[in-house]
Amino acid sequence: MTTLFDLAGKRALVTGSSRGLGFSVAAALGRHGATVILNGRDDGPLGQAVAKLRDEGIDAHPACFDLTDAEAAAAAIGQAVQTVGAIDILVNNAGVQLRKPFLDFALEDWRMILDVHLIGSVVAAKAVLPGMVERQAGKIINICSLMSELGRPTIAPYASAKGALRMLTRNLAVEFARHNIQVNGIGPGYFATELNRALMDDPEFDSFVKRRTPAARWGHPDELGGAAVFLASGASDFVNGQIIYVDGGLLASV
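Following my numbering, the numbering of the sequence shown begins with 39 at its first residue and continues without gaps.
Taking lysine to aspartate or glutamate pairs in the EDC-like style, the calculated list, with each CA pair at most 16 Å apart, reads: (1) Lys164 - Asp153; (2) Lys90 - Asp260; (3) Lys164 - Glu109; (4) Lys164 - Asp107; (5) Lys164 - Glu213.
Honestly, the hints are just simulated from the structure, not real lab data.
Please work from the sequences and hints to get the whole structure.
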């Protein structure tokens, strides 16, 4: 049973992993033995993130590409496969956020947010699924959100994209389960990341998070890794089409 969560010999691609929750997930997978491919759009932060993991003894590699450029992203993932080997685990984490009243969002804003969260996940999945089908094994983890289930003012495109990602998770799970491929999601609650710094520094929003979250605090980025390791490992081989909410109990209390 000691090998239940062992990822030795597995190769994982984590999109949007130069920092924040994506980096924490990549680190957790690497600490459990996986070779990790980090992705970002900027060589500088990406290289720094890879160096941090290598300093821990993790076999980490960079893959610099923008998921909204489907052709370039597919080519970059193909190059990563040639360099590192076939992708056993895909974590679709790349994301972006804008906050405005609904009527102030331009259609270009909607397209950009949907392109990153939803279409980007489709692009990455299409790049790795043929190999997974050929090998009859694979894990895809989509980073969803509390907003896959809940609505909040000023983030209509983001919530719409995350709701769609939840349904993409379920549809891929149903279609590819017969190939021994498990597709699941993780729905983070409110985590203390650099991306959320402005919200954490806002006394009103900080109070809202702590008041509404039964754990009465923000999540720590490292606390997301356990769910990712579970869904990436053999421990979840009969778990498919599920979303695990890592939120300090917030969703259960609504």
